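Undergrad: Chains as they are written, first to last, in our numbering: chain R, 31 to 143; chain S, 1207 to 1319.
Think of the hints as simulated: they come from the structure by calculation, not from any bench. Here the structure is a predicted model, which means the values were calculated and not measured. Check before you lean on any hint, since a few could be wrong.
[Unchecked claim] With the Cβ distance kept under 10 Å, some of the chain R side facing chain S (calculated, not the full set):
1. 34
2. 36
3. 61
4. 67
5. 70
6. 71
7. 72
8. 88
9. 94
10. 118
11. 120
12. 122
13. 135
14. 139
Think of the CB as a built atom: it goes at the ideal place given N, C-alpha and C, for glycine as much as any other residue.
Chain by chain, the residues run as shown.
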Amino acid sequence: DAMVIQNPRYQVTQFGKPVTLSCSQTLNHNVMYWYQQKSSQAPKLLFHYYDKDFNNEADTPDNFQSRRPNTSFCFLDIRSPGLGDAAMYLCATSRDGTGNEQFFGPGTRLTVL
Amino acid sequence: GENVEQHPSTLSVQEGDSAVIKCTYSDSASNYFPWYKQELGKRPQLIIDIRSNVGEKKDQRIAVTLNKTAKHFSLHITETQPEDSAVYFCAAKSGGSNYKLTFGKGTLLTVNP
């Protein structure tokens, strides 16, 4: 089945230790998004790619970076995780630039010790 | 930018009753309004969406209405069932952005058997 896959599902890291989260999609969608969702809050957009065109949200901390080496894969790098970065990280895709239906992956739960 | 307000934050109903969740948005150019259901620890899943050229859309027990003049839209669930229990998020796609969805803060719906 076509889908959005995230690995790992659970990630534990130490304060300040870099971590990379992975997202892949078989939908062949042009747009990929990374959201941060903290407990009992709405998903918050960090950035998105339209093809290889990277778009950062103004309030996304510099600590968060992203890479999209090809259509199928997108990575979220957290360079120096702090305790406040503990959250669920959701990857999503949409077919094109009209920004319509977004398909979400299952998320990666990040714990920072 | 777009701002989406969602009410109520929690809603408890008896099985078989109807549930209504309301959202308002600030950008009159917004043109796409999806509703997502998120069960505990799972991905947000699109349950219904509406575009700005339509006033109402129904899908079995779920309906969404849109009032562009008042800039509000609502989710209606009829004949609620315990499996409808989840957090529901409304969102709006700003007319100024092809990609970004702005989410409401969510409504925790509990359907009591």
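Undergrad: Please list, smallest to largest, the hint numbers that this structure does not respect.
TA: Hint 9 contradicted; others consistent.
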